[in-house]
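Starting from the known structure of chain A, arrange chain B on it as the hints suggest.
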Amino acid sequence: MSRFEYAPAPESRAIVDIKSSYGLFVNGQFVDATDGKPFKTVSPASEEVLAEVSEAGPADVDKAVRAARKAFDKVWGPMSGKDRAKYLFRIARLIQERARELAVLESLDNGKPIRESRDVDIPLVAAHFFYYAGWADKLEYAGVGDDPRPWGVAGQVIPWNFPMLMLAWKIAPALAAGNTVVLKPAETTPLTALAFAEICQQADLPPGVVNIVTGAGRTGQALVEHPDVDKVAFTGSTEVGRAIAKSVAGTHKAVTLELGGKAANIVFEDAPIDQTIEGIVNGIFFNQGHVCCAGSRLLVQESVYDEVLARLKRRMGTLRVGDPLDKNTDIGAINSSAQLAKIRELSQIGEDEGAERWSPECELPAEGYWFPPTVFTGVSQAHRIAREEIFGPVLSVLTFRTPAEAVEKANNTPFGLSAGIWTEKGSRILWMANQLRAGVVWANTFNRFDPTSPFGGYKESGYGREGGRHGLEAYLAH
Amino acid sequence: MTTLDSGVDSLADVTSSEDRLRRFLLGLPGVDQVGAEARAATLSTRSIKTTAKQYALDLAIRMIDLTTLEGQDTPGKVRALCAKAKRPDPADPSTPQVAAVCVYPDLVATAKRELDGSGINVASVATAFPSGRSSLAIKVQDTKDAVAAGADEVDMVIDRGAFLSGRYGLVFDEIAAIREAAGDAHLKVILETGELVTYDNVRRASWLAMLAGADFIKTSTGKVSPAATLPVTLVMLEAVRDYHEATGLHIGVKPAGGIRTAKDAIKYLVTVNETAGPDWLDPELFRFGASSLLNDLLMQRTKLATGHYPGPDYFTLD
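Order-wise, the sequence lines are chains A and B.
First residue of the first sequence: 1, per the UniProt record's numbering; consecutive thereafter.
First residue of the second sequence: 1, per the UniProt record's numbering; consecutive thereafter.
It is worth saying that the hints were derived from the structure and are not from the lab.
Where hints are given, some of them may not hold.
With a straight-line cut-off of 25 Å between C-alpha atoms, the simulated DSS-like cross-links for lysine-lysine are [stated by the list, open to error]:
1. K327(A) <-> K303(B)
2. K77(B) <-> K223(B)
3. K74(A) <-> K86(A)
4. K49(B) <-> K303(B)
5. K77(B) <-> K112(B)
6. K246(A) <-> K459(A)
7. K303(B) <-> K86(B)
8. K459(A) <-> K409(A)
9. K327(A) <-> K53(B)
10. K19(A) <-> K63(A)
11. K327(A) <-> K49(B)
12. K263(B) <-> K327(A)
Same shape as in the complex, but just chain A (with noise of 0.2 Å):
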């Protein structure tokens, strides 16, 4: 051998024992659906049927949110929020006993690279429930009142991009505030939630205080329809979540809504220009651009154009596509064969519209769904790519001359998620962070997650903040 070439270093899948089906978790059990069709999940790297799932029709979902109203009223509700906290300590310290058993369970199952889930997800998730076991005892301090009060039964949807952290910035808050929850993870991710359930049972939380319902789009509807419902949280599609505000509209329901992004990148020619190119990547093909709040739009200063250009497609021909189970694999699968096609479709517009299509060279395996990482240059604002959300690794380029034009474009968006600004100028920061219509401004970093922060969007990136005192107050009634 005369160059290095790493050799594969794929981690077990001995760790993981994934049963051939499951049913619903409900009241502490798990039990059999009553009238839906059981589905497949398989894994977007290969296409290999994990498991059997259960499909919950309106009939179970009624039975977990009485189940949970159940045990609010009963048991969560009335215990002290030191009580809740030991719980939630408990769930925290299980989830990092078992976090790389997690951690590969979620990477079968949604194709993201094991060096993602294994350093990002899974240890974010743990640190959520950590932080707000915190905040259990102390809600009067929360500064949302002298005594606020749960909601009651949170009703929650999460998406496939991040499923395991998606459970975690719902369940964890919504549990530490008091309140009981019925979540249903989306159909093609669902085994890290069902793990998450076993998780309870170990941790002896008392039955129907967390209830999982596997499903597609019609459990999620019966769940946020349930007249039981006293919250509802969801993180998805813009297009669902106004679905679910019509729905949720003249009812006593609260909710928030965590929807799509188009996140300008904005870099200036004074930027720290390698881990600029860095933050880039980070930005736009972590989680193969499965993130809401990717840095799909990338806005460059004219007078370093060229250069960040040619920086970035030097680095892109390094990422190396693959075995998400791979510990070398910094991009993995799309999560399923319609999202591949929506990326391919949009692709195909952007290129039909003029921009110009660049990839690294770079072998895709012949099973799963696989798209290279892309960068569309030539891009205007008028292009469709740098409208609509691809939700995958596609980067579009834009140019700005001055911070203003810069700020005008990146504003220039239905969405208002998130943003990133690259500059060694603090003055500069401190003025576009103010000028940007987004929920989180990154300065020389980006898709950094903690959860102290807020999290959330502005325009049709939704409403309502997770994560920080202000993820809290979201399941507080006050």
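Chain B only, in chain A's frame:
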């Protein structure tokens, strides 16, 4: 300012006056500390196994500058080190030789005799190592002595005091003078990054050394803590990569001090591979300044070959 656009001519321009040099160095893009350290941390999670590990271990051995730089060094100690350099693992003749043996100038002749015909270079730390605090005349003489005694490579230290007080021209002139005094010997310029502290300084000092004629840029003397770190080496690798883009020249990088385990060495090789590129995975362009690293590499090598770890007594002290 764009490092990619600058051709050889414009780089010659920037060294034409102290003022231009200063403006050029201060105009280099900044290094974000958090980002650089995060990148280095990501690179160190690469998993290198089986054939890749075998390759990496042998390559790391071939890249070692086996070093002794103690006040108590004697010809006897240097002879022992040279014997080890030639046959690192007496039990396994397939083990490659190291790249060089690095000693103080007064021991160069001894090392040269011992290594005669082996193909292993003798490197010498000249220029009032490790502080560098003496007159230029003495540093030049120190260098000439080392080269006259047979040194193939000269490791010089920069004047950190001059650098930190912004006298870049002085540092430049000194490196250029040593470059000339060293003649055909390879010049490695030690930045002593632990004393430069910031990554911005590391990047500037790297460029300064390259512009002044360094063949290699080296992190540390090993006498100051922190010595070599992965993020510092990453920043230096970025600098040689950019310099290559601008001039077509290949400059080497040598982290020195504190790299003791095969696992650490492999992290450095991964960083080389993914930053400067595979061209730099060559003893001509990347070296480890180390003394204790070698035995751990030998131990891991034996483990790969036999399936078990031999005890430390199965390897020679030096």
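Restraint status (C-alpha distance of K77(B) to K112(B) at most 25 Å): 14 Å, holds
Given hint K459(A) paired with K246(A) - CA-CA distance at most 25 Å: Judged against 25 Å, a Cα distance of about 16 Å means the pair holds.
Given pair status - K223(B), K77(B), alpha carbons within 25 Å: Holds: K77(B) and K223(B) sit about 19 Å apart, inside 25 Å.
Given hint K49(B) paired with K327(A) - CA-CA distance at most 25 Å: Between K327(A) and K49(B) the Cα gap is close to 11 Å, so the pair holds against 25 Å.
Pair hint K263(B) and K327(A), alpha-carbon separation not exceeding 25 Å: 16 Å, holds
Holds or violated: K74(A) to K86(A), with C-alpha atoms at most 25 Å apart: 18 Å, holds
Satisfaction of hint between K86(B) and K303(B), Cα-Cα up to 25 Å: 21 Å, holds
Pair hint outcome, K459(A) versus K409(A) [Cα-Cα no greater than 25 Å]: 16 Å, holds
Given hint K53(B) paired with K327(A) - CA-CA distance at most 25 Å: Cα-Cα ~14 Å, so holds.
Satisfaction of hint between K63(A) and K19(A), Cα-Cα up to 25 Å: Satisfied, since the Cα-Cα distance of roughly 24 Å is no more than 25 Å.
25 Å Cα cutoff - pair K49(B), K303(B): 12 Å, holds
Pair hint outcome, K327(A) versus K303(B) [Cα-Cα no greater than 25 Å]: 22 Å, holds
Of the numbered hints stated above, none is contradicted by the structure.
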